[in-house]
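For chain L, the structure is supplied; the task is to place chain R on it using the hints.
If you read the protein sequences in the order shown, they are chains L and R.
Start counting the first sequence at 1; every next residue gets the next number (the numbering used here).
Start counting the second sequence at 1001; every next residue gets the next number (the numbering used here).
Do not take every clue at face value.
On the chain R side, residues computed to face chain L include the following (Cβ under 7 Å) [what the hints assert, rightly or not]:
{"#": "1", "residue": "T1029"}
{"#": "2", "residue": "I1093"}
{"#": "3", "residue": "A1095"}
Hint data in this document are derived by calculation from the structure and do not stem from the laboratory.
The C-beta atom is built at its ideal place from N, Cα and C for all residues, glycine as well.
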Amino acid sequence: MTLAGSPEADKVLVGFASLLRAAGMAITPDRTSAFVEAVSLAGFDDRAATYWSGRATLCSSLDDNELYDRAFTAWFAASPERTGTATPATAARQPQASLSTEPNSNQSAADAILAARASTTEVLRHRDLARLTEQERTELALLFDSLDVVPPLRRALRRRPHHRGSVDLRRTLRAQLRSAGELAPLRRRRPGLRGRRIVLLIDISGSMQPYADSLLRLAHRIVRAVPHHVEVFTIGTRLTRITPALRARQAEEALAAAGRLVPDWSGGTRLGEVIGAFLNRWGRRGVARGAIVVIASDGWERGDARLLGEQVRQLQLLAYAVVWMNPHRGKPGYAPIQAGIQACLPHLDRMVGGHSLAAFAELLEVLTDV
Amino acid sequence: MLSTATVSPAAIGDALRSTGYLPSEGLSTVVFLATAMNRPLLLEGEPGTGKTSLAEAWATVTDAELIRLQCYEGIEASQALYDWDFARQILHIRAVEATAGDDLDAAALEESLFHERFLLERPILKALRSSNAVLLIDEIDRADDEFEAFLLEVLSTFAVTIPEYGEVRAVTPPMVVLTSNRTRELHDALKRRCLYHWIDHPQLAREVEIIRTRLPDVSAQLAAQVASAVQRMRISDDILKPPGVAESLDWARALQRLGYEQLDVASAAETLGAVLKYREDAERVRRALAAILAR
Chain L
1 MTLAGSPEAD KVLVGFASLL RAAGMAITPD RTSAFVEAVS LAGFDDRAAT YWSGRATLCS
61 SLDDNELYDR AFTAWFAASP ERTGTATPAT AARQPQASLS TEPNSNQSAA DAILAARAST
121 TEVLRHRDLA RLTEQERTEL ALLFDSLDVV PPLRRALRRR PHHRGSVDLR RTLRAQLRSA
181 GELAPLRRRR PGLRGRRIVL LIDISGSMQP YADSLLRLAH RIVRAVPHHV EVFTIGTRLT
241 RITPALRARQ AEEALAAAGR LVPDWSGGTR LGEVIGAFLN RWGRRGVARG AIVVIASDGW
301 ERGDARLLGE QVRQLQLLAY AVVWMNPHRG KPGYAPIQAG IQACLPHLDR MVGGHSLAAF
361 AELLEVLTDV
Chain R
1001 MLSTATVSPA AIGDALRSTG YLPSEGLSTV VFLATAMNRP LLLEGEPGTG KTSLAEAWAT
1061 VTDAELIRLQ CYEGIEASQA LYDWDFARQI LHIRAVEATA GDDLDAAALE ESLFHERFLL
1121 ERPILKALRS SNAVLLIDEI DRADDEFEAF LLEVLSTFAV TIPEYGEVRA VTPPMVVLTS
1181 NRTRELHDAL KRRCLYHWID HPQLAREVEI IRTRLPDVSA QLAAQVASAV QRMRISDDIL
1241 KPPGVAESLD WARALQRLGY EQLDVASAAE TLGAVLKYRE DAERVRRALA AILAR
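Chain L on its own, in the form it takes in the complex (with noise of 0.2 Å):
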């Protein structure tokens, strides 16, 4: 006998979609009400049916799916007659067990989410927000104001009405067509400019704590500036793309969302590793691609500088340009000494200050120019 319709299936399967909804994914009702559906199609009493059918219509990416899977077995296995490997039997009961032990059982499966996620090994801060006066922050968010996001260039394949350039015969039949078959002039066409990509690679770890903050205001000034050729990450002992949170409008907010998603602030750097997995999560896939690739940190790698120095390499040979900001550059004194820039300096195609207002100025025309 299939349960699917009866309401106590759809009160288990709305529960389960709002508990997705609570551990941080976008879960909107129509994605719920196509849950429903598609368990009640594919059959409610076969726990994997019910399993796939939730993955494929409420999770919409790679990373959805980790979260998913975990909230999955706290949800259908929150029975107290679960019993070793459930066979699909014993499954189709389990909701309904579930939902037996309510009110509490909603809360103890989102307990056992929260705890399964807290209990990773790595030590996880999350970053202190620095509370400003009212005056500060208009200071602050008038200076980033000020400066000048130019978006670098690149030639696009798509071509665009031009004086000059090939024949665009499309435009100048459409012309004939306007004035009745008429000759008309020549429309040419020639391949137009888009925006290149930029890609900011913001180092949050420890030492660079009195930095962050600023080169993530940075960011945020750059994202809103050009919102679609943009992405933002931040490296430390892991990689986390924040480029959906700089774009709110307002910088605290934006830096708040950030904030949220971060895991890793002030913590370690293996600089080589994340921005290996940069490479194999996004760059290579395209993002880095063509794109101009801007590695905001001091250099100080914990890892092997050799494994820092090679990723970077692969960063060049697959980016248009890679960029350095390291905020000890513009102080009187510096060399480049740490072997994590050692290892770096052959395959980097500018190497800029980081340190303040004026430096940051300073790299948004280096953007513009290389």
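Then chain R, alone, in the frame of chain L:
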């Protein structure tokens, strides 16, 4: 032929299997849901895991026409949906002018200009008008994000609105398969309309089965050796581009063409170019070949 009213995920799996495509349990369920719910299917996964071949296999199963739209940067609606045949329209005007003489009916001429015969079908429109089609929108992540907006109407209502002509609605909605290599994040509006599935590399046993099904001439022993060597390469961290199933198939084919019955260090070194496409990877693996081939 399958009738969608009676099938189950298992039946779908068997049907795909009969064409030589070996789906995982999850994938069969998702394909079942896509047909039952009439929703587009968004497939993501490493290159070479069979995203595109699924659409091909499904077209074979349902005996449908496979209509493929390869996305690229700068693709526009006029290349994906429809276009007007300007040259023929002008010819038409000229012809009407020449024959009609003075009593030219301008309104009728205008009307006749946007007739169906001047409408150029591009893949999406073609799929909507076809009675039985699988529409494959390949590598959607290569298109600009603005292009996704063109797809929204098609994917949710299976209709295209052409301003001069009217709405074209699919009588039998085509099965739509979108693939993405994740070079960029797709817009949520697009994802919401689709069922999502991430295709992983297959497990060892299934990979052996895939090689055996696709290449019946390859011996069981060679297939098993190739599959386990490729699986070991995949779990190694320092491979830049882990080989996909497509590469395993190429490798097995290469070995078989050279007449090898066994995968040993010598034959592997000779044919490594079929699996690994980066010089760094090839060097790294060549150094560790003995360990990778050890049973």
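For each hint, the structure was consulted:
| no. | hint | in the structure |
| --- | --- | --- |
| 1 | T1029 | 4 Å, holds |
| 2 | I1093 | 5 Å, holds |
| 3 | A1095 | 10 Å, violated |
The structure is inconsistent with hint 3 alone, although it conforms to all the rest.
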